[in-house]
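Trainee: Quick mapping for you: the protein sequence lines, in order, are chains A and B.
Take 36 as the starting number for the first sequence in the working numbering and just add one per residue.
Take 1012 as the starting number for the second sequence in the working numbering and just add one per residue.
One should not assume that every hint holds.
Result set (DSS-like, lysine-lysine): computed pairs, CA atoms no more than 27 Å apart in a straight line [said to hold, decoys possible]:
1. K141/A x K353/A
2. K317/A x K141/A
3. K1128/B x K353/A
4. K317/A x K1243/B
5. K116/A x K141/A
Pair ranges (Cβ atoms, derived) [unchecked claim]:
6. F1163/B x L138/A: 55 to 61 Å
7. A1060/B x D146/A: 52 to 58 Å
8. R1107/B x P187/A: 40 to 46 Å
9. S1087/B x A272/A: 28 to 34 Å
10. A272/A x P1366/B: 28 to 34 Å
11. G286/A x I1308/B: 48 to 54 Å
12. R96/A x S1089/B: 50 to 56 Å
13. M1090/B x Q338/A: 22 to 28 Å
14. I1308/B x S350/A: 46 to 52 Å
15. S285/A x A1108/B: 58 to 64 Å
16. F1154/B x A272/A: 56 to 62 Å
17. D1234/B x N110/A: 35 to 41 Å
Short derived list, chain B residues pointing at chain A, Cβ under 7 Å [said to hold, decoys possible]:
18. Q1082
19. R1107
20. C1158
21. T1390
To be clear, the hints were calculated from the coordinates, so they are not data collected in a lab.
We treat Cβ as the ideally placed atom computed from N, Cα and C, and that holds for glycine.
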Amino acid sequence: MNRGFRKIALVVALFASIPASTSRVSADDVTDAHVASDVPAAILVFPKVVVDTADPPATARGRVDTLIRISNSSNQPVSMKCFWVNANGHCSTSPSTICDPNLVPKDVRCDANAVCQPGWQETDFLVNITSRQPVAWLASRGAAGCDQGSPPGVPCFPLDSNGIPGGPNTNAGSRVNAVPEDPFVGELKCYAVDRNEVPKNLNVLRGEADIIRSNTGMVDAESYNAIGIPGLPGVNANNGDNALVLGGTSGAEYAGCPNILILDHFFEGARDPVSQQTVSTKLTLVPCSENFLTQSPVRTTAQFLVFNEFEQRFSTSKQVECFKESLLSLIDTRSPQSSIFSASVSGTLTGQTRIRGVADADRDHGHTLLGIAEECRSDGGGCAAFNLHFHGTRPQSDVILLP
Amino acid sequence: MNGRASGRIGRWGVAISAIVLCTVSLARANVTSERGSSILVFPKVISDADGLQTGYPAGANRGFPVDTIIQISNTSNSMVFAHCFYVTSTPLDPTRAPSMFNPPQWQEVDFDLVLTKQQPTHWVVGPGRPNVPAEPQCSRIPFVDNCNGAGFDPGPIPPISDPFVGQLICVEVDSSGFPINGNRLKGEATLVTPHAATTTEGIMPRGEVSKYNAIGFQGLNTDTNSNDSDLKLCIGGDVRDGCPGGAEYEGCPNSLLLSHFAAGSTDPIIDTLSGGSSSVETEVTLVPCTQDFENSIPGQVVVQFKVTNEFEELLSASTTVTCWSNFRLQDVGQVFQLRTLGSRFVQTRMTPGGPDQPRIIGVAEEFHIDGRPAVDVVTRAAFNLHGEDWAPDPLRPSDQPPVGDMISIPEAP
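The shape of chain A in the complex, shown without the other chains (with noise of 0.2 Å):
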C-alpha cells in the first residue's frame, strides 16, 4: 500500500513537473513549425527547375540545366515521393510544340491562328536516401543506380542493393526519371513516405537546386534553396492518406504556408551602383495546394504591394493558376517602362513587395503561394537566385491532393 502509494506520488510529482516545460514545448513546437528554407522538413518544394540542353539552344534562356540536390539529416534512412510538374505550354494547333505562354505579344514557335496554352502536368517517382546521405540528381537526365549503367560523370545513386553491411543502407528501388520534356519549365515536389509510401512527418529533408548556364563564352550559376513544409509534431499528426493538409484551424498535418511573401528587389532597368549594369528580377511563383489527383490546377489571384525607398505605395494583381514566371516589369503591364516595378516609375534604386495569394470562400485551398526570384545583371552580368521572405499564416488549409 505504502509503496504504491509511493508511486502514485512519484508518478504525480512526474506530471506536476512536465507541465512547464510540455507547454512550453508544446506552445514552441507550434509556433516553431514554419515554412522556412533554412531547416529540414517533411515536403520540399523547389518553385524553379529549367532544362534547355539543344544546341543551340530552344529557348531564349540558354543552355541551361538543374542540379537537384537533396540530403538526409536524420542518422535514420528516409524514403520520398518526388513530382515534377511539367509547366510548359504546346501550342493550341501542335500540341508536340513546346512553347512559353508568358511571352509577349505571343510565343512564335506558335502558328499565327494558334494560342500558347499553359500546361500543367506531373510525373513521379520515388527515391530512398540512406542516413545522412546526399543525393544528387540532373533535372535534364534523372538518376538510377550507378551499376546500372549511369552515363560517366552524371551523378547517380551509388548504394546498390547490397549497401553496407549492417543495415538497410541502400538506394535500391530508386530510379528518377529525367523532367518529361526538353526544354522544360516547371517544379519540383518531395514528401517523406514510409517504406509502403505512406506520406510521413519526417523533417528530416533538406535540398538546393542549381541553375546553371553554359553558353558559348559563358557560364552562370545561381543557387536556391528548396522551401522545407515541416510535418507537425505528434505520433498522428499524419493520417497516411493521400491528402496532405498544410496548416488550417483543423487536420492540419504540416505547417501553414505564409500568408504573405515579401520580395526586396531592385526596380527593372534601375542601373547597378557596382557594376554598372542594368539590373532586372524574375518571380517565380507556385501555389500551395495542387491537385495532383484529378490534375486540376488551382487559380489564385496574387495581389502585389509595392513600396518605394519614398514610402509611397503602387498595387496590381496577377492570376497565378499552377505556375507563374515573370519579369517584375511584365506582371503589371505589356509596356516594361510603364510598369510599377520600374525604376523610372518608382523613382528610386530599390523597393520591398509583398505578395498575398487572395483568400475566397474555398474551404480547401487556402490559396497561397510560395516562390524565388532571380535577380540578373545585363551586358554579360551574371544572375543570382534567392529565397522570398515569408510572413504570417491563414487559417484555411491548402491541401496538396495525391494521386
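On the provided structure of chain A, position chain B as indicated by the hints.
Mentor: Frame of chain A, contents of chain B only:
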C-alpha cells in the same frame, strides 16, 4: 489493486515522460533567414576594389574585385530604428593574407538607421550612403537611371576603408537607442564584381553576382517586449549572468548543415553541356553567435566538421573561428578533397566544439569554374545554410537547457 493501478500509472508516466523528452529534443531554434527579425547578421560583407583579400590561395595571388550591396527593409507599418555595426576582419596589412604576424583587426564601426513604414533602403558598402536630401530620382523623361541615392536617406552610412572583409550586424532599437523585440527587419546582401578580373582560377566577369538573405534573430514575446533593453543581447539559453530574464532572442542552432561538392569535383552541368574540365569550390563564412563589441573581445569557437559522403561514410575535421572566418573547405583538411571522399556530393554538419563554446551562424558560396581554355570563366552562387537544433549534443547532458549566446553592444547614445 492499488499496486496494479500504480504500476499502470507508473508505466503511463514513463511513457508520457519519454514522449515529452522526445518532444523536447525535437524543439528547434528560430534563427531565420526569411522572417522579419530584431537582429540581422550579414556574415559575409566584402568591399575590395583590387582583390587584395579575395585571392586563392590567400595572399599568394590577387583575387577578383568585389563590393557588397546591402538591402534592408522595414516590414511593419510603423517606424523602425536600428543600430548597425560593421565588424572588420581585414588584417593589419591589407596587402597580405591574415596570419599570426598579420592579425585581423576585429574593429567595429557603428551607425544608425531610421526606416519609415514598409521602407526599403540600400547602400553600397564601399562608399556608404551619405545624407544628401535632393538626390536625383530615376525617371524616363528626362532619362535618369543613375539614381543610387534616391529615396529617404536612412541616416548617414559611413564609407569603409578598402579593402574590407567582415560582417554587418543591425539591432532593432527604440527611438532612444535601446534594443527592442520588434521583429520588423529583413535584409539581403549582394556581392557584385565591379569589373572583369583575371585570377589564377579564371576570369570573373563584370556583374557576376551572388546573393544571400541576412540571418535574423527573432525577439521573443514581442507583445510584452521581454527585452530588458540593456546592452547585453541574450541569444537563446536560460537565466545566466548578464541575462537575468533568460533569453531575449531566439537561440542559434546547435549545428549548421551544408550540402556541397567535394573539393576538386567537376560540375556535371557544365561538363555535360559544354564539355571541358570544370571544377567547383565551396567557400564558407562563419561567425560566432557570441560577440562583445563593448570590450572588443572577439568570440572564438572550435568548429567540428562531420562530413558524410554519398556512401554514407563519415569523416571529420575541425578548425577555429575567431570573430569571423572565411575559408575554402579544402583548407580545413584533406577530408573535403574528392580523392579522400570518393564521391562528388557531400553533407557536412558543423557544430561547436563543446557546450561552453558559442554557437555559429554563416553562409556558403560556391565558385563554379568553367575550365575551358577559351572560356575559363568563374561564376559564383551564395546560399544560406540550414540550421538544426535537435541534433544530439554528445557533450551536453540531456536534462540541461541549451547554452545561450550573448552580443554585448556599446553604450547607447
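Trainee: Evaluate each hint against the coordinates.
Mentor: Quick rundown of the hints versus the structure:
Among the hinted pairs, K141/A with K353/A is consistent with the structure: their alpha-carbon atoms are about 18 Å apart, no more than 27 Å. For the suggested pair K317/A and K141/A, the alpha carbons sit about 19 Å apart, so the restraint of at most 27 Å is met. For the suggested pair K1128/B and K353/A, the alpha carbons sit about 25 Å apart, so the restraint of at most 27 Å is met. For the suggested pair K317/A and K1243/B, the alpha carbons sit about 41 Å apart, so the restraint of at most 27 Å is broken.
Note on K116/A and K141/A: the hinted pairing is violated, with a Cα-Cα distance of about 36 Å set against a maximum of 27 Å. As the Cβ distance of F1163/B to L138/A is approximately 37 Å, the hint placing it in 55 to 61 Å is violated. Between A1060/B and D146/A the beta carbon distance is about 53 Å. The supplied range of 52 to 58 Å therefore holds. Between R1107/B and P187/A the CB atoms are about 42 Å apart, so this pair conforms to the stated range of 40 to 46 Å.
A beta carbon spacing of about 32 Å between S1087/B and A272/A agrees with the range 28 to 34 Å that was offered as a hint. Restraint check, A272/A to P1366/B: a C-beta distance of roughly 31 Å satisfies the suggested window 28 to 34 Å. For the pair G286/A and I1308/B, the supplied restraint of 48 to 54 Å holds, since their beta-carbon distance comes to about 51 Å. The given range of 50 to 56 Å is broken by R96/A and S1089/B, whose C-beta atoms sit roughly 42 Å from each other.
Separation of M1090/B from Q338/A is about 24 Å and conforms to the stated range, judged on CB atoms against 22 to 28 Å. Restraint check, I1308/B to S350/A: a C-beta distance of roughly 48 Å satisfies the suggested window 46 to 52 Å. In this structure, S285/A and A1108/B meet the distance hint of 58 to 64 Å, their C-beta atoms being roughly 59 Å apart. Checking the proposed 56 to 62 Å range against F1154/B and A272/A shows it holds: the Cβ atoms sit about 57 Å from each other.
For the pair D1234/B and N110/A, the supplied restraint of 35 to 41 Å holds, since their beta-carbon distance comes to about 38 Å. Hint status for Q1082/B: holds, given a least beta-carbon distance of 5 Å to chain A, under 7 Å. The interface hint given for R1107/B is violated, since its Cβ lies 25 Å from the closest Cβ of chain A, which is over the 7 Å cut-off. Because the beta carbon of C1158/B sits about 6 Å from the nearest beta carbon in chain A, less than 7 Å, this interface hint is met.
The restraint placing T1390/B at the interface with chain A holds, with a minimum CB-CB distance near 5 Å, inside the 7 Å limit.
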